[in-house]
Amino acid sequence: MSRYTSATDADRKAMLDAIGVGSIDELFAEIPAGVRLQRPLDLPPGMAEQDVFDHLSKLAARNRHGDEETSFLGAGMYDHYVPSLIDSILQRSEFLTPYTPYQPEISQGGLQVMFEYQTAISELTGLPVSNASVYEGPSAVAAAGYLAKLETKRTKLVVSRGLHPHSRETLETHAKGYGMTVAEAGLDAEGATDLDALVALVDDDTAAVFVQQPSFLGTVEELGTLGEAAKRTGALFVVAADPLPLGILESPGALGADVCVGEGQTLGNRLDFGGPSFGFFTAQERFIRKMPGRIAGETRDVDGKRGFVLTLQTREQHIRREKATHNICTAQALNALAGVIYLSWLGKRGLVELGELMLRRTHYARETLGLEAINPGPVVREFAVRVPNLDAVFERARAAGINPGYRLGRDYPEFGDGLLIALTERRTKADVDRLAAVIGSVREEVHA
Amino acid sequence: MILDPRADEQTETIYEKSVEGRRAFTAPETDVPETPIEQLLPAAARRTKPAELPEISEPEIVRHYNGLSKKNFDLDSGFYPLGSCTMKHNPKLHERVAALPGHARLHPLQDAEYAQGALELMWNLQQALGEIAGLPHVSLQPSAGSHGELAGLLVTRAYHEDRGESRHKVLTPDTAHGTNPATVTMAGYEVVKVGTDEHGGVDLDDLRAKADEDVACLMLTNPNTLGLFDRNIEEIASIVHGVGATLYYDGANLNAVMGISRPGDMGFDIVHFNLHKSFTQPHGGGGPGAGPIAVSDRIEPFLPRPQIVREEGHNGHGPRFAFDDDRPKSIGKLRGFQGNFGVFVRSYAYIRSLGGEGLREASETAVLNANYLRALLAEPDIAEYLPIAFDRICMHEFVLSGRGAKEKLGIKTLDVAKRMLDHGVHPPTVYFPLLVEEALMIEPTETETKERLDHFAEVVRSILTEAAEDPEIARNAPYTTPVRRLDEAGAAKNPVVRQAARD
Chain A
1 MSRYTSATDA DRKAMLDAIG VGSIDELFAE IPAGVRLQRP LDLPPGMAEQ
51 DVFDHLSKLA ARNRHGDEET SFLGAGMYDH YVPSLIDSIL QRSEFLTPYT
101 PYQPEISQGG LQVMFEYQTA ISELTGLPVS NASVYEGPSA VAAAGYLAKL
151 ETKRTKLVVS RGLHPHSRET LETHAKGYGM TVAEAGLDAE GATDLDALVA
201 LVDDDTAAVF VQQPSFLGTV EELGTLGEAA KRTGALFVVA ADPLPLGILE
251 SPGALGADVC VGEGQTLGNR LDFGGPSFGF FTAQERFIRK MPGRIAGETR
301 DVDGKRGFVL TLQTREQHIR REKATHNICT AQALNALAGV IYLSWLGKRG
351 LVELGELMLR RTHYARETLG LEAINPGPVV REFAVRVPNL DAVFERARAA
401 GINPGYRLGR DYPEFGDGLL IALTERRTKA DVDRLAAVIG SVREEVHA
Chain P
1 MILDPRADEQ TETIYEKSVE GRRAFTAPET DVPETPIEQL LPAAARRTKP
51 AELPEISEPE IVRHYNGLSK KNFDLDSGFY PLGSCTMKHN PKLHERVAAL
101 PGHARLHPLQ DAEYAQGALE LMWNLQQALG EIAGLPHVSL QPSAGSHGEL
151 AGLLVTRAYH EDRGESRHKV LTPDTAHGTN PATVTMAGYE VVKVGTDEHG
201 GVDLDDLRAK ADEDVACLML TNPNTLGLFD RNIEEIASIV HGVGATLYYD
251 GANLNAVMGI SRPGDMGFDI VHFNLHKSFT QPHGGGGPGA GPIAVSDRIE
301 PFLPRPQIVR EEGHNGHGPR FAFDDDRPKS IGKLRGFQGN FGVFVRSYAY
351 IRSLGGEGLR EASETAVLNA NYLRALLAEP DIAEYLPIAF DRICMHEFVL
401 SGRGAKEKLG IKTLDVAKRM LDHGVHPPTV YFPLLVEEAL MIEPTETETK
451 ERLDHFAEVV RSILTEAAED PEIARNAPYT TPVRRLDEAG AAKNPVVRQA
501 ARD
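Respectively, the protein sequence lines represent chains A and P.
Take the first sequence: its position 213, counted from the start at 1, is 213 in the numbering used here, and no numbers get skipped.
Take the second sequence: its position 369, counted from the start at 1, is 369 in the numbering used here, and no numbers get skipped.
Among the hints, erroneous ones may be present.
Below, in silico cross-link-like pairs of lysine to any residue (SDA-like), each with a Cα-Cα straight-line distance of 25 Å or less [what the hints assert, rightly or not]:
id : chain 1 : residue 1 : chain 2 : residue 2
1  : A       : 13        : P       : 422
2  : P       : 493       : P       : 473
3  : A       : 305       : P       : 408
4  : A       : 429       : A       : 82
5  : P       : 329       : P       : 360
6  : P       : 169       : A       : 172
7  : A       : 231       : A       : 186
8  : A       : 149       : A       : 232
9  : A       : 323       : P       : 431
10 : P       : 17        : A       : 349
11 : A       : 323       : A       : 179
12 : A       : 429       : A       : 398
13 : P       : 92        : A       : 55
14 : A       : 176       : P       : 301
Chain P side only, calculated, beta carbon under 8 Å to chain A, not exhaustive [stated by the list, open to error]:
id : residue
15 : 40
16 : 266
17 : 309
18 : 333
19 : 355
20 : 490
21 : 499
Just so you know, the hints here were simulated from the structure itself, not pulled from any lab data.
Just so you know, even glycine gets a beta-carbon here, dropped at the ideal spot from N, CA and C.
Based on the sequences and whatever the hints tell you, model everything.
Following this line, the structure appears as structure tokens:
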């Protein structure tokens, strides 16, 4: 008997007798000797629960986590507060342990959650159709590229340089598979998508144009103008959005987006060193039969009672196989549940209040730090600045228990001295003032 | 299943419970100047119509979702023999260690210097998965099995292109999971189906006829979706490698062979793991999962980036771990950051709990349980109606056909499955694989007791006995569930996929 199994010697004998074999080995007789492992796996021996716990605790202790520093690090995942009720509900085994709801009669809880989630995400993005989740943000962008291919049969995708570098790279990786190329429109002097560059790239073979709101640099993009430019030749306009500022920012749907996708971590999911979170995928009604992944729909049972099912499954891999609209099967249902609980907890007004707070703190931080702005126009949740002596700032800040943000030079060589600073409702005015003091002290020393 | 006395209330959505002015959230104090929003955001960027989110208090949110949870059947409540899904116990320890702040509160872009514990965990997991697969190089990045499949075909494409070859076909058996052919199309290849022989394995003649220099890869599950180990695997590998193609292992059924037979030793070049199957990540009602891949030396240069590298320590210091993005032949990133780390924590805890010997015992017990249940269901009074598709020793799962029940009792596999719901067990996977008529695919897993398997066989027997008396009972089942059979055709014809918008 090993951990989590329960066959005793007596059980084993009775079961082997019932099968009609003399030993466990005989059950594996079909496996040719040449492909049998003739030795034990070379892994450390099993451990008792408390020893595994200790081992993992020690590993975890070697990570500097969000409660151990004041962090302005964002760049795609953000340190928002996750309310307690989310942990409590997600740990219910009825949500934690079932499979994808293939038997709707005993899965109404999960299916109704999907329906509520789809409604909330649809409201945020201003697009009528949402699926029940995809893996995460950048691969959601790649899924939008595939939809654009299926829809337009064209071969070119155009991205703004304001799209998250991971999204651009992920799109490129996937596009090589489905046979498309990716062209990039640069940023203008204000750190927003360069409209002229975009217009120059969009042609009759362009299947979709991708921009991000707010951009990777935190710039509030002029979606309406960009959308018009994108759709001039019939390309789809795809917006990758952070869902949380959509309480104050106009919805992508209202500004012409055909598809809006994004990273859902900011909606009640932990940082988890990058995952699991969820990706969302919303679109205009006309794409409903080309959407990737699960979609829950409302219906009635034989007694006329209201219920929910997985619907439009003829799009999906288990039915349509090589003609499926995407290969996704397991998605991120539990993380999407966290998302809809979070949005219910915030509520209609809380979403706006949180957005306004982030907006004001972002602008306060930018003014207070007094550095040269890379994107001097409207920003929310994040902004980019040039920092003389960036290494010294990092060293001093780290020593003071502050993580000052993301070094832009990692992805944008043109901003080698760039720092991307993220704000959430957890970063207070006092935190910003401390960061300003550190940067100020480095500046004074250099000048002295 | 216990329903709230006000059962009708439970079909109300959280939107329908919303009342203007109610709330759960208290905003932090605005500690910065309250600059008018109009000064910070241009009019064109400001929201005109507010997003309709529910307005509801915290206690009612909790009751709402607790109420919904009670309408789900789950693994912690009962037997869940869903074939190809490996519904094994999800140890509670894993939730505790995944929630440690050093894991749960760690930012994905934290400097490697301050994330050494996370990187070491990922490195250790990679080493373990590589050993289990018999293929040394691992990328943890793919987010689920199907994402791993896509990674596998993209590295295959990169491998062939690097050799100056252009190939456009991928072979998949007719028993393959639907994700395989769907992935082939997404990766820009054409699907060519390979038949199944009379023993349930790959038809070698058909394979030989279709394997040519245009073939990039054969995707295979072994044991396959019939629960059978393909005893010709060495010959299959030789045919596929003979035409220069890669051999891809769909790891959905790895739970049968951990520590017993390794895909790398069978000749596979690329393997994906479903950490949410063999390695206990809870399924979450449809995710999250993770689909790492392991590959051979010749495929290694093409793995997604970043890869984790281990640098030996000097002067008494331990090893250091870092991300390596400088991989010129890499296919690139498949997603943001480094993968579903929270899943890695759970699967790593599982592997450390069991060790090599424990993993082998888990697989042995999974196969023992499946064969025992197969033997119970082979009793003549059951087998007459639900004959086994291929009468052989099986691996971790097996497939019955509902042909007999349909012909002799007038009930379909769907009816058998729906009647099981009234008995408090989850039905097997139904109508898959496609080549078995009225298929029921049963995977009990190693964490079930003999008594539960006995009980399941009795449930099947009682459903068949009852149907012999009155088939209408099964045809109209279930009766005891929160809702009964639902109109799926109607839902697809007139899709209602969100709450009606308020104007």
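query: Of the hints given before, which are not true for this structure?
result: Violated: hints 1, 2, 3, 5, 17.
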